[in-house]
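A.B. asks: From first to last, the protein sequence lines stand for chains A and B.
With UniProt numbering applied, the first sequence has no gaps in its numbers, which climb one by one up to 691 at the end.
With UniProt numbering applied, the second sequence has no gaps in its numbers, which climb one by one up to 691 at the end.
Be a bit skeptical, because a hint or two may be false.
Intra- or inter-copy, both count: the list cannot distinguish identical chains.
What the hints assert, rightly or not - Below 16 angstroms or equal to it, Euclidean Cα-Cα: the simulated EDC-like pairs (lysine to aspartate or glutamate) are:
(1) Lys228 x Asp214
(2) Lys93 x Glu61
(3) Lys536 x Glu617
(4) Lys229 x Asp395
(5) Lys540 x Glu269
(6) Lys93 x Glu674
Don't read these hints as lab results, they were simulated from the structure.
This structure is a prediction, so every number in the text was calculated from the model and none was measured.
2 protein chains.
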Amino acid sequence: MGTQTLTAAWIWYPGDLEIGLHREVSLRRDERGTIVPPFWRLDTFYGSVKFRKFFELEAEEEIALAVEGQYNITLDGQLLYGNPTSFKAAAGKHEIIISVVNDRCMPAIFVQGATLVSDRSWLVCCNNQIWLEADCGDFHLQQQSPSSFRLPVEEIVPVEEVAGQQALLVDFGKEIFGFLRISPLSGNGTISFYYGESQEEALSVEDCETFDHDHVDFGQNAAVYVTKKARAFRYVNVICDEAVHTGPITALHEYLPVSRRGQFNCSSERLNQIWEVSAYTLHLTTREFFIDGIKRDRWVWSGDAYQSLLMNFYLFFDQAVNRRTWIALRGKEPVETHINHIVDYSFYWFMGVYDHYLYTGDQVFVRQQYPKMASLMQFCLNRRNDNGMIEGYGDDWVFIDWADMDKKGEVSFEQILFCRSLEIMAELAELLQDPSQANYYGEIGAALKRQIFDVFWDETQGGLVHNRVNGQLNGQVTRYASMFAMMLGYLNEEQIGTVKADVLLNDCIQKIKTPYMRFYELAALCEVGEHANVLKEIEKYWGGMLDLGATTFWEEYDPLLRPNEQYAMYGRPYGKSLCHAWGASPLYLLGKYFLGVQPTSPGYATYRVEPVLAGLEWIRGVVPMPEGQIEIYMDRTQVIVSSDAGEGVLRIRSAVPPTCELGPLIDKGDGYYELQLNQQGIIYPIYYTAL
Amino acid sequence: MGTQTLTAAWIWYPGDLEIGLHREVSLRRDERGTIVPPFWRLDTFYGSVKFRKFFELEAEEEIALAVEGQYNITLDGQLLYGNPTSFKAAAGKHEIIISVVNDRCMPAIFVQGATLVSDRSWLVCCNNQIWLEADCGDFHLQQQSPSSFRLPVEEIVPVEEVAGQQALLVDFGKEIFGFLRISPLSGNGTISFYYGESQEEALSVEDCETFDHDHVDFGQNAAVYVTKKARAFRYVNVICDEAVHTGPITALHEYLPVSRRGQFNCSSERLNQIWEVSAYTLHLTTREFFIDGIKRDRWVWSGDAYQSLLMNFYLFFDQAVNRRTWIALRGKEPVETHINHIVDYSFYWFMGVYDHYLYTGDQVFVRQQYPKMASLMQFCLNRRNDNGMIEGYGDDWVFIDWADMDKKGEVSFEQILFCRSLEIMAELAELLQDPSQANYYGEIGAALKRQIFDVFWDETQGGLVHNRVNGQLNGQVTRYASMFAMMLGYLNEEQIGTVKADVLLNDCIQKIKTPYMRFYELAALCEVGEHANVLKEIEKYWGGMLDLGATTFWEEYDPLLRPNEQYAMYGRPYGKSLCHAWGASPLYLLGKYFLGVQPTSPGYATYRVEPVLAGLEWIRGVVPMPEGQIEIYMDRTQVIVSSDAGEGVLRIRSAVPPTCELGPLIDKGDGYYELQLNQQGIIYPIYYTAL
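Could you build the full structure based on these sequences and the hints that come with them?
C.D. replies: Spelled out as structure tokens, the structure:
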């Protein structure tokens with residue numbers, strides 16, 4: 001329990017804000033006026049909870065309270081009748097219990113006395129006999145209750161308008177998310193808004209993915225009209241009845257107020273633009289939670305969110321959205337399905353918890369999630385086959401990627417992620433001083449890893465084969481398992497070599513199409529030093545979208561399609577999402593592999609900086625840490641690094657031994673040199689010669 | 001899956017009607033204007049579900065639908081845009097999925113085509129990958145949706161009114177439940193209703209348990225006014241502002257429409273009156289669910305409800321309220337606490353499932369509940385100590401009864417109920433063809449039974465001692481474990497003898513005070529042939545309440561208290577509930593042990609009739625069966641029995657061999673004779689001589 005302070009806060013059952021909000025957000029998806037609810041179980045907040053606090057007063061105190069819900073107060077075992085908004089407590093020791101019931105919004109309380117205030121030192125229980133530390137956010141005013149929370153909006157004026165008969169095509173110049181505002185609006189009738197991520201979509205009344213038909217009844221009274229549902233659009237096609245009269249239209253862009261703590265700049269304007277559009281894409285999809293796309297699905301998908309979480313570390317370093325998303329994804333007990341019904345997505349959830357811990361050092365979050373990690377892992381363990389391998393059962397979805405592939409039986413990729421999740425459980429159980437469980441998970445993980453290589457490693461092909469069905473090995477090598485095995489450090493030097501040569505750089509191996517799986521493929525290529533290739537690929541693939549006028553990056557992009565074929569997906573002409581979080585992966589690639597920064601122990605207590613030019617003239621950037629940041633500059637003769645916290649190692653490759661006045665550069669062989677960055681707030685200038 | 005019929009019904013996720021309604025009902029408790037929510041977890045309906053049906057049409061069909069919630073329809077994988085209230089399906093095979101989202105009331109659908117209708121043949125899923133048969137009730141009209149369901153009301157006119165200044169004391173002559181109706185009501189101001197189960201309570205503005213302060217604003221317009229919250233009362237003290245003008249007041253008594261299928265009559269008018277008031281008490285507390293009392297708590301308590309369920313078999317034989325109550329009590333997964341947080345109450349829940357099956361033969365219900373029985377039992381098994389015995393842990397409540405007693409450690413009574421629950425699991429697992437689980441539960445149960453007798457049976461005292469704490473046996477014998485062990489058939493002849501003499505009829509053993517535990521004590525006395533004593537006790541104890549003017553039976557009654565001390569409980573002057581289900585136990589005792597009817601195999605396929613006069617001149621009665629009933633008449637020379645179904649055995653005691661023209665009475669020794677009742681619809685007259 002934390003220390004009591006005098007700053008009161010709204011408090012609630014831990015996780016319930018996220019889980020309740022997740023339900024609300026998830027149900028906002030509609031497609032042409034038809035709700036499309038997620039196909040996974042939606043949990044919600046507990047509707048009946050109790051808050052409890054033992055406290056001692058030096059003097060009598062008048063205590064005010066505000067409650068979201070119906071409530072009663074029991075002070076020292078006595079029910080206080082009525083619904084008091086304040087009450088007195090005498091000097092001395094007390095126990096207070098406030099029971100709150102609410103099925104419309106999350107039960108929450110705000111207690112403000114001279115010394116007794118609601119804060120994290122209160123306990124809360126959903127009547128299951130388990131008292132947990134109450135949760136609170138940034139709601140420190142009685143009037144600002146959790147249920148009244150809304151994301152802020154910013155008014156945006158169109159860059160172009162084309163008026164027709166009772167119709168208006170509005171272009172906001174870039175993809176945005178939010179509401180439309182018409183001021184003034186008068187008259188009676190229907191006003192229709194057809195939204196488009198592209199102009200073609202907005203003009204396609206028959207096929208655009210989202211629209212609103214609003215009925216207004218203002219008569220002669222001019223009013224300010226704001227649409228009800230937040231939508232994703234760059235273009236809006238407004239069509240209204242003759243009797244409706246519209247004034248100027250603007251957009252109210254709704255956004256999460258986070259700042260860009262990470263930066264990237266380099267000698268390639270193309271790449272800078274790609275980074276900029278990536279950052280904007282990630283900002284649009286980083287909201288209450290990390291959502292996949294802002295037009296569609298607007299859902300929280302674990303695999304997608306995991307990539308957003310990784311990118312977040314190189315842009316916003318907003319820890320809160322990571323926590324919100326991970327709590328929402330996991331939901332409540334019991335675990336009945338994989339996360340999002342997808343086998344791999346359960347594992348990405350474990351990996352997200354771990355990486356959040358690695359980058360932020362947030363042990364509190366790990367401790368909070370640990371029981372839910374354990375029950376999800378038990379669910380996974382229960383879904384092993386007789387060989388101890390995980391398979392998709394029944395309606396489980398083995399996703400991996402959109403590409404055509406066999407997903408039956410024992411899929412090597414799933415075993416790799418499963419193995420990693422077990423290692424994570426072992427490591428975090430150790431951290432939380434649960435050694436028997438650490439041992440338990442560790443042993444299962446180690447056995448699985450041995451088995452993966454026994455079964456799937458193909459010496460001839462130099463990689464892991466795809467799957468085994470009913471004991472029959474599928475001889476095909478795909479990229480997925482091999483590249484993950486490499487990134488997770490499961491391969492020896494020789495295996496890394498063959499995976500690089502025979503799998504990653506082998507054009508005969510089935511290609512990866514989605515930006516989603518390319519995220520990992522390009523990361524893997526960087527891991528084996530293929531930065532220059534990756535750079536070319538980024539400029540070609542993401543640059544290709546820019547050439548087609550993208551203001552945000554897409555769910556999928558096929559350079560071979562003609563421009564007018566780019567918008568279709570899922571059998572619908574405008575089915576493709578043009579603002580999709582997984583499209584923003586250059587943020588991660590450029591931050592982790594070009595600026596070259598990553599933590600080597602939790603919370604950046606130690607870290608590594610290995611900047612790589614990969615043919616660029618210079619790069620410059622900032623990578624955020626929990627407190628402070630790392631700044632890097634590199635050109636062909638100089639590297640400049642500084643950091644606000646932690647102890648780092650700078651690693652560079654140089655044709656000659658590099659020099660630095662602040663410390664020795666140790667020769668690590670093969671042209672690599674390392675410098676210890678032990679001093680915070682100091683600028684380390686290093687002189688070297690690019691190879 | 002059932003056979004499709006053309007009668008459409010509203011359908012929903014199985015159990016969600018009960019669980020959602022349980023939440024609603026449970027939150028209706030208030031005490032002097034302050035909500036008192038239950039201290040157990042309240043579950044609710046799933047807010048996002050999918051309904052699915054595979055069907056084949058011979059011809060194109062126009063299909064209408066109504067939905068409680070937002071929805072979409074997918075026909076053969078294609079989303080039907082908009083929110084159609086009807087759609088066409090062509091001849092041929094189809095799959096339809098209707099997704100429904102609702103957080104205000106339970107998602108439900110009503111589908112009506114020429115041949116495609118919503119019924120139990122549809123499947124439903126809460127997006128957890130498990131498709132269950134949809135549930136439906138008696139909602140066969142589109143306009144009568146489940147959420148619009150209300151219990152009926154009946155208008156009741158006061159028997160007496162005493163008018164004061166702006167005040168009116170109304171007496172409805174007997175305890176009722178519902179609303180007040182004033183017609184006409186006009187004026188502006190506050191009108192207050194102080195409710196009383198007794199006149200004293202209604203007149204005590206300061207201490208009555210429930211009141212309403214309603215603000216009306218009718219001005220000169222005379223209106224019909226009905227109060228908002230259903231209350232329990234015989235008396236109402238109405239006090240209103242001068243500017244409020246009231247016309248005649250009546251009550252709208254809200255009740256569950258069930259009929260009394262059981263009857264009891266005898267030569268004692270006192271006993272007849274006790275039966276009548278018991279029947280009325282049970283009817284008042286038999287509503288959406290079996291609740292404990294109508295003034296308070298109005299909650300569903302497993303131990304209380306189990307007694308209502310047993311009484312129900314001798315009065316209403318309403319199977320639906322049993323099922324509703326048992327589903328509501330169990331709630332959803334995960335099991336985190338005992339039912340109502342009480343160890344014994346988990347076990348009564350198992351016993352209720354079993355007895356419902358025994359009396360009704362309803363295997364469908366057992367099959368539906370089986371997974372939830374298994375998870376609750378697993379929870380119980382996880383709460384065994386190292387000796388394999390169950391204990392109360394943490395905030396678990398070991399209730400047994402209100403009497404003062406040690407409830408720590410291994411309480412013998414709890415082990416007895418646990419053992420019985422394990423036997424039930426074994427037997428029902430066998431029924432559902434789950435032999436490995438039957439074996440599993442059976443073995444644990446058998447081992448526990450051996451251990452109970454090894455540890456707790458006291459040869460010297462002739463009964464089971466109360467408990468063992470930290471290996472230290474408490475030498476005190478209490479009635480609870482011994483009498484349950486006897487009723488459950490766990491004792492041998494000798495043990496039955498000592499329990500009867502040394503425990504049940506031993507005044508040195510701590511007395512049982514509540515009607516709740518007396519239910520079992522009196523049943524146990526009947527089991528050992530102490531009918532005459534039981535009869536005296538019923539006439540004295542329940543008759544005592546009648547003498548004090550009871551129109552319903554009470555939560556607790558102490559004949560030694562003066563009349564004006566009778567209403568206090570829980571430290572509040574009117575805290576005692578004067579209409580409490582467990583007060584109605586004479587219904588069960590008279591039906592099962594005096595009319596003497598009980599099933600000996602599920603659903604009354606076979607049954608036993610063992611009528612006992614116990615000193616009465618004659619008794620006459622009806623005991624309902626799932627289909628039909630058993631009628632019994634007995635005086636000192638004649639017994640007349642007839643039955644509509646099943647095969648029975650009549651067992652009577654006679655001074656001489658009895659005679660019956662329809663079959664032989666077999667001498668069973670000790671004056672007992674048995675007659676096979678093989679023919680339905682036939683009246684069996686038997687001539688005998690009372691001992």
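A.B. asks: Taking the hints in turn, state whether each one holds.
C.D. replies: Results for each hint:
Taking the shortest alpha-carbon separations for Lys228 and Asp214, only the intra-copy value of 9 angstroms comes in at or below 16 angstroms, while the best inter-copy value is 36 angstroms. In this assembly of identical chains, Lys93 and Glu61 lie within 16 angstroms of each other by CA distance solely inside one copy; the values are 12 angstroms within and 72 angstroms between copies. Proximity of Lys536 and Glu617 under a CA criterion of 16 angstroms is satisfied intra-copy only: 15 angstroms inside one chain copy versus 105 angstroms between copies. Neither within a single protomer nor between protomers do Lys229 and Asp395 lie at most 16 angstroms apart by alpha-carbon distance, with minima of 32 angstroms and 46 angstroms respectively.
When the C-alpha separation of Lys540 and Glu269 is checked against a cutoff of 16 angstroms, the pair qualifies only within one copy, where the shortest distance is 13 angstroms, while the shortest distance between copies is 98 angstroms. With identical chains, the CA atoms of Lys93 and Glu674 are never at most 16 angstroms apart, being 60 angstroms at best within one copy and 69 angstroms at best between copies.
The earlier numbered hints that this structure contradicts are 4, 6.
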